[in-house]
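If you read the sequences in order, they're chains U and X.
The opening position of the first sequence corresponds to residue 1 in the UniProt record's numbering, with each subsequent residue numbered one higher.
The opening position of the second sequence corresponds to residue 1 in the UniProt record's numbering, with each subsequent residue numbered one higher.
Just so you know, the hints here were simulated from the structure itself, not pulled from any lab data.
Heads up, a few of these hints could be off.
[What the hints assert, rightly or not] Here are the computed lysine to aspartate or glutamate pairs in the EDC-like style, where the Cα-Cα straight-line distance is at most 20 Å:
hint: 1; chain 1: U; residue 1: Lys464; chain 2: X; residue 2: Asp36
hint: 2; chain 1: U; residue 1: Lys23; chain 2: X; residue 2: Asp88
hint: 3; chain 1: X; residue 1: Lys266; chain 2: U; residue 2: Asp21
hint: 4; chain 1: X; residue 1: Lys269; chain 2: U; residue 2: Asp224
hint: 5; chain 1: X; residue 1: Lys266; chain 2: U; residue 2: Asp342
hint: 6; chain 1: X; residue 1: Lys283; chain 2: U; residue 2: Asp21
hint: 7; chain 1: U; residue 1: Lys23; chain 2: X; residue 2: Glu359
hint: 8; chain 1: X; residue 1: Lys283; chain 2: X; residue 2: Asp249
hint: 9; chain 1: X; residue 1: Lys101; chain 2: U; residue 2: Glu363
hint: 10; chain 1: X; residue 1: Lys269; chain 2: U; residue 2: Asp113
These numbers were taken from a predicted model, which means no experiment stands behind them.
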Amino acid sequence: MAPGESQDIEVVTTAIHAQPDNKTRRYDRQLRLWAATGQHALETSRILVLSSSATSTSIMKNLVLPGIGHFTLLDPTITTARDAGNNFFLAGPDSIGKHRAQEAVPLLGELNDGVEGTADVRSVHDVLESDPAYFKSFSLVISHNLDSPTVEKLSRLLWTDPLSPPLIVVRSAGFLADFYIQFHEHDIIESHTETAPSLRIDKPFPSLLGHALSLELANMDITDHGHIPYVVILVRVLEDWKRSHNGLPPQNYAEKQAFKAALRDLKRKPDEENFDEAEAQAYRAWTTTGVPSDVAQLFTLPAASGNSTPNSTFHTLLHALQKFTELDDPPHVLPLSSTLPDMKADTSSYVHLQTLYKTRADEERAIFFDLLDKNADIDEGVVETFVKNAHAIRVLRGRRWGEFDADKEAIASAVVGYPRESASHFALSALSNLTSGSTAPPTADALLAEVQRIVGPGIELPEKELTDAIGELARAPTSDLPNVAAFLGGLVAQEAIKIITKQYVPINGYCVVDLVDTWTGVVGTPA
Amino acid sequence: MATAEVLTNGNSTLCDWHDRYYHVDQILDRPGPRTDPSFMAGDGVKEFLRNQCKILVIGAGGLGCEILANLALSGFKDIHVIDMDTIDISNLNRQFLFRPKDVGQPKAIVAAEYIMKRVPGVKVSPYYGKIQDKDDAYYMQFNLVICGLDSVEARRWINATLVNLVDPENPESLKPLIDGGTEGFKGQARVILPTVSSCYECSLDMLNKPTAFPICTIANTPRLPEHCIEWASVLEWPRVQGDKKMDTDDPEHINWLYTVASARAKEFKIEGVTWSLTQGVVKNIIPAIASTNAIIAASCCNEAFKIATSSAAYLNNYFMLIGTDGVYSYTFEHEKRDDCPVCGGESLDISVPRTWTVERLIEMLVEKQDIQIKKPSLSTASSQIYFQAPPQLEEATRPNLEKQVFDLVPDGGEITVTASTLPFSLFLRITYS
């Protein structure tokens, strides 16, 4: 009888209960990216969008679908014939003459019953005057083609109080666009970067070392010999090597080759793949496990701008991590990860090794826990996630929107390093400045003069790139193209999801998009 | 499929209201600095886009839904869409033309109806079926083809079909193919001018190799939860269920696999077998989100718009985007391969040891990343080496499997490789090492 048929009733029942509910099935393809924790963050988020343009509704579509908690479209505009032609979330000509936000909200809302949507037909200017606290009731604010003075005012309002939501400023015309995320600090525990944690082969913990030394390689059963995990082989051979080399791992090319030859010599049969794997992974024996520099530099970060630390939990964890790395035992390393990659081995030797790692990881997590500030009440699950991802944590420090445009030094270096991105960015800044409060679209000459005014004397923007950017903006200064709106809709929603879930890594700077030559780039990243 | 006619009678421009295309017309009324001088700004290009251009969308899923909406808003009015799938609940997190009430309905039909309801004057003609059902005459009617597919096989088929369609005497026979694909926060869009620029087959080696676990690991030394799941689906299912076909969309079947895999994992003290992982492994599920699909579909439609109107240069020829760490993208020209079996014309040089049997050669072809043929049949100009079908021919050629290739094909000789899933033949020039 197959194991599947001989299950006792308990196991079978468990299996049936494991069948996902409708909500899990609906979100299956995204839960595989950000799991239940990311989904929970989305579902409790409240997003404010300033305008209900084609670009704005495209962004919102990609946030309503994955299931944010709430969105508000703040927009006093009455739908025009122009809007009815380029916005999928208006009911075509039927929407003309009605409030654009009120027309768009139900059409966005029908994408997902679990999301609450509101249309607010006040103007952002009025709300800024009468009810500035309104903006702080959201977890993220997004604007599209908002005039420069208003963005300036809003960005200052949100910047002054570090507990205010991040602000995404999106600008587009014709085939060109850029957007910026304003935040003081963005801390990421689950960055999902592909760097793997150290296996500590060079600094084996006692139970791993003991296990490696206990193996009688020469007298072992031949099948078992071909199934020793490469991690154990490396620890063992390195230990033997160090005994005859003043306690040092291989130091130079010749020694490294000799080390590999020693690995080959241990082979008892030519087809022992575990020894081939050990040779391929031999570099781990002479790679010193320490605190990765990206992580170490977080310990010496200057205090965040603003009055208070935005995320005290993260910083409490970071502080404990620093103290952990100062210990002599464990030896100036990050807490051990219990994640063991797959390797050539039989089940029992692999599972045994896995257990050694897991037990030790638990012990080190307990040490980490003892180092945590006892006054900070941090959820155990968060601590566990932090320790597991300690090698890949990230901290982004941002600037206020617009500071880059006033930073001559940063501009001078950007035009050299990122000529096309800089040209498009400043052309868009010029367009935004010149269209604020004016009805006639600016000419190419006017745009050029405004770009020169923004960057100031002494800075030469690349001529070809600037002419190309300005020419495209002068061609279509008020055009919200459906394809560009959709492209931005996707790009900005990806960033919004990263900001809200605190998973993956958002941009820090201006993301510039050119859909004539189909490229994206980033400029103005804080130094 | 009479629905396609409901909303459109006669000239679809009747539906156009003043200023409908205000945004798009800013691009079509004047050139930009990088626009090719051949661009004829104004009414001519609008007339072509809105009343003459006929475009085919393959796939009405994650990318397809987005593509249809973008094309409709951009001014394409004669759109055809093919999709063989029906709507599943797991589509609803991104395929935004579908609602819970549509689950089980054909994607192509529901999507077409929704677009026609939302964007007046646009005609979307759906076909609920396979791309392989259609012949050359069908594909010849379109000006452009956009693909939003999740299957390598379907892409290879349409790519080869459009390359074969090219008649040097007839410029109309060259159909630009725009292809998009996504996975999680990553994706790519590309423009293929069949026979002129790098085709889908030329870049086959860029695909990630699918994870394959050795059978001996699955059978004897499982270490990961995935090994237990593979054991349940690859070994236990056929052993216990016999000829019953596994349906990975059937929750009962997944449940069975999950239960069997869990028992195996428990026996070997392996942790981590879950329902979700079981489903992910057996269905080879690729994470998918609305935002990435939006980016890639928009990029595809933007290229279609630029090609149809000449309002700006189109992509030459590959755009890839990675959104996991910041926004990283790379635009480059993928090179055409002279030995591409579809568009290259030259045969592929393969060097094999003299001792290799036909069976070993077939094994190598199946594994080779730039070929990827599942069940190849082999022949030379004068003889049949091995055929997978029909059964009589398979039986007649089976003894050759154990023979050495050297005994059947001379040094420098050519082998023709065919497979039922591919509409082209691969020519190998064999040399012996």
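These are the hints, each one checked on the structure:
no. : hint                   : verdict
1   : U/Lys464 with X/Asp36  : 16 Å, holds
2   : U/Lys23 with X/Asp88   : 13 Å, holds
3   : X/Lys266 with U/Asp21  : 25 Å, violated
4   : X/Lys269 with U/Asp224 : 19 Å, holds
5   : X/Lys266 with U/Asp342 : 18 Å, holds
6   : X/Lys283 with U/Asp21  : 18 Å, holds
7   : U/Lys23 with X/Glu359  : 48 Å, violated
8   : X/Lys283 with X/Asp249 : 8 Å, holds
9   : X/Lys101 with U/Glu363 : 51 Å, violated
10  : X/Lys269 with U/Asp113 : 42 Å, violated
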